[in-house]
Amino acid sequence: MTDYTTIDFDSLAALSDDEVVTRSFVRDIPLSDGKTLALVTLDNGRDHTRPNTLGPVSLLEYAKTLDALKARASAGEIHAVGVTGKPFILAAGADLTKVAEIPDAETARKMGQLGHYALGKASELGVPSFAFINGLALGGGLEIALNADYRTVDASVPAVALPEVFLGLIPGWGGAYLLPNLIGIENALKVVIENPLKQNRTLKASDVLELGIADALFPAVSFLEDSIRWADGVVSGRIKVKRPNEPGKVERLVKWDVAIGIASKMLKSRIGSVPRSPYIALDLLKAAKNGSKAEAFAREDEALAELIAGDQLQASVYAFNLVQKRAKRPAGAPDTALAKKVTKVGVLGAGYMASQLALLFVRRLRVPVVITDLDQERVDKGVAHITEEIEALLGKGRISPDEANRLKALVTGTTDKADFADCDWVIEAVFEELEIKQNVFAEVEQFVSPEAVLATNTSSLSVEQIGAKLEHPERVVGFHFFTPVAVMPLIEVVKTPHTDDATLSTAMVTAKNLKKNAVITADTPGFVVNRVLAKLLGEAMYAVDNGTSFEVVDEAIAPLGLPMPPSQLLDLVGLKVGAHVLDTHHSAFPDRFYRSENLHKLADYGKLLDKDDKGKVKGFDKGALKLVSGGKNPLTADEILTRLQDGLADEVHRMLEDGVVEAPEDVDLCMLLGAGFPFQMGGVTPYLDRVGASERVFGDTFHHPPIKGVGA
Amino acid sequence: MADQAEVVFVDGVRTPFGKAGDKGMYWNTRADDLVVKAIVALLERNPNVPKERIDDVAIAATTQTGDQGLTIGRTAALLAGLPKTVPGFSIDRMCAGAMTATAMMSGSIGYGMYDLAIAGGVEHMGHHPMGSGVDPNPRFLSERLVGEDALVMGATAERIHDRFPQLTKERSDRYAMASQQKTAAAYAAGKIQQDLVPIAIRTEEGWGLATRDEMMRPETTLEGLAALKTPFRPHGRITAGNASGLNDGATAAILASGAAAKELGLTPKMKLVSFAFAGVDPEIMGIGPIPATEKALRKAGLSIDDIDLFEMNEAFAVQVLSFLDHYGIADDDPRVNPWGGAIAVGHPLASSGVRLMNQLASQFTERPDVRYGITSMCVGLGQGGTMIWENPNFNKKAKKARG
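The listed protein sequences correspond, in order, to chains D and X.
Heads up: the first sequence begins at 1 in the UniProt record's numbering, then just goes up one per residue.
Heads up: the second sequence begins at 1 in the UniProt record's numbering, then just goes up one per residue.
Next up, chain X with everything else stripped away, as it sits in the complex:
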């Protein structure tokens, strides 16, 4: 039997996120190329990671066909030039795909089976629109296993507004605008770009280079948001402005056991404390992060007050707000998504989990006063996922100085 091992997040990168569809920058770029280029760049900037020592490559995608099919973890490993001795597999938990890949690889490392692993995700929502090719079992409806809103994410978000009337559209819009502004500020300070992998893109005007997220709207105003249509209900609350968009993108991260990191001279950016996934009613999936976080905190022996940074996936503003209200955290609490979130940069479903980790890891580096942070996200069909991380740079004096 192997001994339990410490699990560390060594490094993570992502592609700039593009706008899905034929007008988006990745329309002529393959999904697998996106994740392959992310893996290549990740390994290039971590030259101390011996490629042949990587024990597995777990890549998530929600729609596993076409350029996201063929067991993309294995094909991506081959295309990225990893030795043929390195295995790989694909994994799916919709929006939490990359987070699940990270969690499952962490489990394998923690149990002592793996020393090094790559976890990531990709979603080309232009090539694979949400729900394409699905064939839901008729029992879902005939036996009313789920409400009719369950498969329409915007409709599930409307239901959060129904359940918590204090979560008004105005609060959602204000939160969304702040996300745009925080992201713009983070870009201006060069914070986001540090983990972006430039991608060559083929367009009708020749080759270009994607270096920034495509859908950011820093000029967003409350008036502008108020005027947007509510496509999921007449006079509803969910709009394109207070939700994440439809995007193309990929992420990849290196995970290691503490011992392997030490042996190879790697500098971990985060240490894993705990993770948990939980289920809720599918028709109100956006509240999933709450039970997931409860579970993860319990496993960690921590309380919400121990958490100094929150990287929440912003599938919808209201879904983040429901989480904040639950814990009594203010809508504009500076601990929450300090660099903005998916409403601004985008949410290519299965890839987003590692983006949250990248940003938390970067903040850990510049915040030695912070000991614990969480990454959390809601998942289609009524789920939530949370991973709690510890900052290796934590310094008690810095925390005291902050007061």
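Here chain D stands alone, though its shape is the one from the complex:
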């Protein structure tokens, strides 16, 4: 048992002199029968674009406010306490900038303890406490509500969630104990573990009510008025609150451990065992089955101390900031005012990729999109494919019938390039061969205006070379998507030595209008994502060709915690494509990139993995293993890992020396968004720093100071 009142939290407040403080204001609200509800409003004095956050100073003020209300309650002055937020926001949780600045493990522990100390007071006031979830409630924001006795939720809340696991944390201000004991273990697992790992999915108000997190839901138009009236009903006894999802005896005896077991298996298969926080969260949820709240809070304190002092959280916060902030203000982007208007789009090609691009452009830009190909048959097929996709969106209710009509009317096909004359953006997605791409650009240049942007979706060719036959190469830019185009959030915008600012700006603004994140790269082989992945796959194949089994290779690389092992990555991108990527990188950088003969054999053979009917991997294909056997110098897992780490450190270092991107942050952003590299690695460079690869290879680190934990 921790006696939080004996802990001196001043050291935390001292660290926080620049905190944007979320104040706790109090006003008395008259209830029926002459009773009074003291309403606490959390408000940091900024507008909704700067949500309330909970740093040490904010938490201490909240604690002090609740202490004063407890005294008033015992004096009979107030009969209930409510907590709500400023417009649109309850609170967005802990102040992450503060979490990243914590100097030692002891301070880390205190961050958890202070949260428990402050938020926990809501259940010890001597009168009922209510949280009115009027808006965004994330992490500690939701835990404020969970620590209260009752909750209402505004039907229009944009998001309610416990996203901690997504960030390398755990819901450690009571969430990991209070939530399963409020809504049952299976629901709690969904909120604490599943949703954060599904691209940080959040709850809508109706979910919050259905799961049993809130006791009542009211429309936005009179949410606070209705909530106060409801609280009045509860205080006066007119309203009896029922909680059907609250776990009973049977659930605790039978379901609880089974649910944890299933979740644990699901976690291992989906994310491996490298990320710490999901497993710690799982342990806490398991332990929440029985025991006291005080014990649970103490467990959460220890867990937070470990995580906050560790490497993964620091890397995750770094990655989170990249995705949230740097992605929105891309490094090296010219003034958006230079961007040219895109009022009609031409797509060169009508194959699968071209159709996907056309669909994305028409959906997001809602301008005419014309596609072309060698013959009418291909063009018709491409247009038909796009139309089908639009119909499918309509069928799923994602777009209205009017919108579907509008989009279909915007898409046309032609075999006459003259129909491209008024396009101000032309993107090519034809066969990946230099001469073909050069020729289609040269052909279309005869028809379009000299200012029209010509973009190429090439992944392996030189963008400058593609524009070599043009009269106006300054309007050429690389615009490299990742598949599936509709889903993957990254575009590598490739700038050649000729690309002018207007073109580059147009590309950046267009990427944004397509709701993608763009990173500017130089026109070097593989740009960023493919170059890093080529290194990874090259090292994997190097080990295989030397006689290491695929199992050992996969196992060797597992400590990175990548979304999938190299063998599955090869299977996903396709063996032919994989072989081609290695080849192009090898020919560009023969000393550093490995070309695998075996991979070509595998590509010809066509299969590496043995899968069941549902596509689940059962193991390796025996024929494939036979094909690649025969190497004489197998590597150990340790050797493979070190070679990979050092190889990556070297390659990324060279990329930065050569100005492929502005900063290591951009490499990381690319890997996070374009290849799904995990937050706990911080993309790639924080990982390379913390495992010592950067020091080993170039005698320095990418980051100063390196992004790593303060140690336990």
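No wet-lab data here; the hints were simulated from the structure.
What you are looking at is a predicted structure, and each value in this text was computed from that prediction instead of being measured.
A hint or two may mislead.
Below, simulated SDA-like cross-link-like pairs (lysine to any residue); rule was C-alpha separation at most 20 Å, straight line [stated by the list, open to error]:
| id | chain 1 | residue 1 | chain 2 | residue 2 |
| --- | --- | --- | --- | --- |
| 1 | D | K268 | D | V258 |
| 2 | X | K84 | D | S400 |
| 3 | X | K84 | D | K70 |
| 4 | X | K84 | D | D402 |
| 5 | D | K64 | X | E205 |
| 6 | D | K35 | X | L196 |
| 7 | D | K35 | X | Y187 |
| 8 | X | K51 | D | K64 |
| 9 | D | K35 | X | R212 |
| 10 | X | K51 | D | P219 |
| 11 | D | K70 | X | F232 |
Negatives, chain D to chain X, calculated, CB over 12 Å [said to hold, decoys possible]:
| id | residue |
| --- | --- |
| 12 | V254 |
| 13 | S269 |
| 14 | K381 |
| 15 | E474 |
| 16 | P590 |
| 17 | A603 |
| 18 | G676 |
Positions of the beta carbon are idealized from the N, C-alpha and C atoms, including for glycine.
Position chain X relative to chain D; hints supplied.
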């Protein structure tokens, strides 16, 4: 052609009235939110009214810009969550805005075009001070179409004192004090609160809840009133104490045809008998209720003696007194504003008409001895409006018992 229909007042609500300006409780609350919350609460307490059956939403505002603009009847309907199939419009007759909305919706129901309608008004005089953004035609002055006092309401009220010297400042002050006292008594008895919609208000101390009118002064004394300044004339008679204040607030009411009310099982609080609007000299607009009432009585075939309750809007005490003198009614007649009036609770211009109706309707419920009542008010630029209502609860025996 549709048949003529009976028109009934089903129910009405209002927000507490706030003090206009940055110190008032609604300074951080939008005008449209006030009327929207009133409509939402009104429909919530009348669950038998099918929202999709509402034929129109008429919302009045004097200044129709900013948060009172954008055709507020339509936007309020959308924001209140009414089905998109329900139309709405905005309407303006300054102080008589909500009364005009009620009258025009009643006309549409009476003519058989509508079955159900919402009428109301809003005025956020903090966000839209009186006269803001107006651009009077210069002909008003060059051709002396109106006196120079016409646009200054306090000055028009001073003119009533000029015309009727027997209406002294002392009588005005005494009437004003009585209004404060009657309102305080009505609050103490819980009579006003029954039609108030609590409003969440954002303040520098966090969220609060408006549950009472903000400007009431139950402690008012004659001495205190006598000491107040007369801002419209040196040594004049009109003061902040014997006039209504500058206020923020909103009202909303449900009107129905008698047949629709019956079909839906609604209990009408009042039946409409007649309404009328009339014009007078703009520079003495406060006497407008007299010709309006004359007209309405004539249309109803009633005389003033048939009226047992008067809900008069108290823009100025003297303007009510001029009406009472005209009809030979005593200043302290208990039939007149028994729960006080605008001098105590406030007068957010275009919203006030429905407040009068709410209070008359509530009194009808507890007074089966009363058959007819009127709601009446003066209007800027020389107008008056009167609506005469019949009590559905009227009971001859109760009237006899009263004697």
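Tested hints:
In summary, the hint linking K268(D) to V258(D) is supported, as the alpha carbons are separated by about 16 Å, within the 20 Å threshold. With a CA separation close to 17 Å, the supplied pair K84(X) and S400(D) stays within the 20 Å bound. Distance hint between K84(X) and K70(D) is unfulfilled; the C-alpha atoms sit about 47 Å from each other, more than 20 Å. Taking the CA atoms of K84(X) and D402(D), the gap is about 18 Å. The hint holds against a cut of 20 Å.
Taking the CA atoms of K64(D) and E205(X), the gap is about 16 Å. The hint holds against a cut of 20 Å. Distance hint between K35(D) and L196(X) is fulfilled; the C-alpha atoms sit about 19 Å from each other, no more than 20 Å. For the proposed pair K35(D) and Y187(X), the alpha carbon gap of about 18 Å is at most 20 Å, so the pair holds. Distance check on the hinted pair: K51(X) and K64(D) sit about 47 Å apart at the alpha-carbon level, beyond 20 Å; violated.
Between K35(D) and R212(X) the CA atoms are separated by roughly 16 Å; this keeps the pair inside 20 Å, and the hint holds. For the hint pairing K51(X) with P219(D), the CA-to-CA distance comes to about 16 Å; that is within 20 Å, so the pair holds. This hinted pair does not check out: K70(D) and F232(X) have alpha carbons roughly 52 Å apart, beyond 20 Å. Listed as outside the interface, V254(D) is consistent with that label: its C-beta sits roughly 43 Å from the nearest C-beta of chain X, beyond the 12 Å cut-off.
With a least beta-carbon separation of about 45 Å from chain X, S269(D) lies farther than 12 Å from that chain, consistent with its non-interface assignment. At the 12 Å boundary, the C-beta of K381(D) stays outside the reach of chain X, the nearest C-beta of that chain being 41 Å off. With a minimum CB-CB distance of about 47 Å to chain X, E474(D) clears the 12 Å threshold, and the non-interface call stands. Every CB of chain X is more than 12 Å from the CB of P590(D) (nearest about 67 Å), matching its label as outside the interface.
Every beta carbon of chain X lies more than 12 Å from that of A603(D), the smallest distance being close to 58 Å; the non-interface claim holds. Distance to chain X confirms G676(D) as a non-interface residue, since its nearest Cβ pair spans about 41 Å, more than 12 Å.
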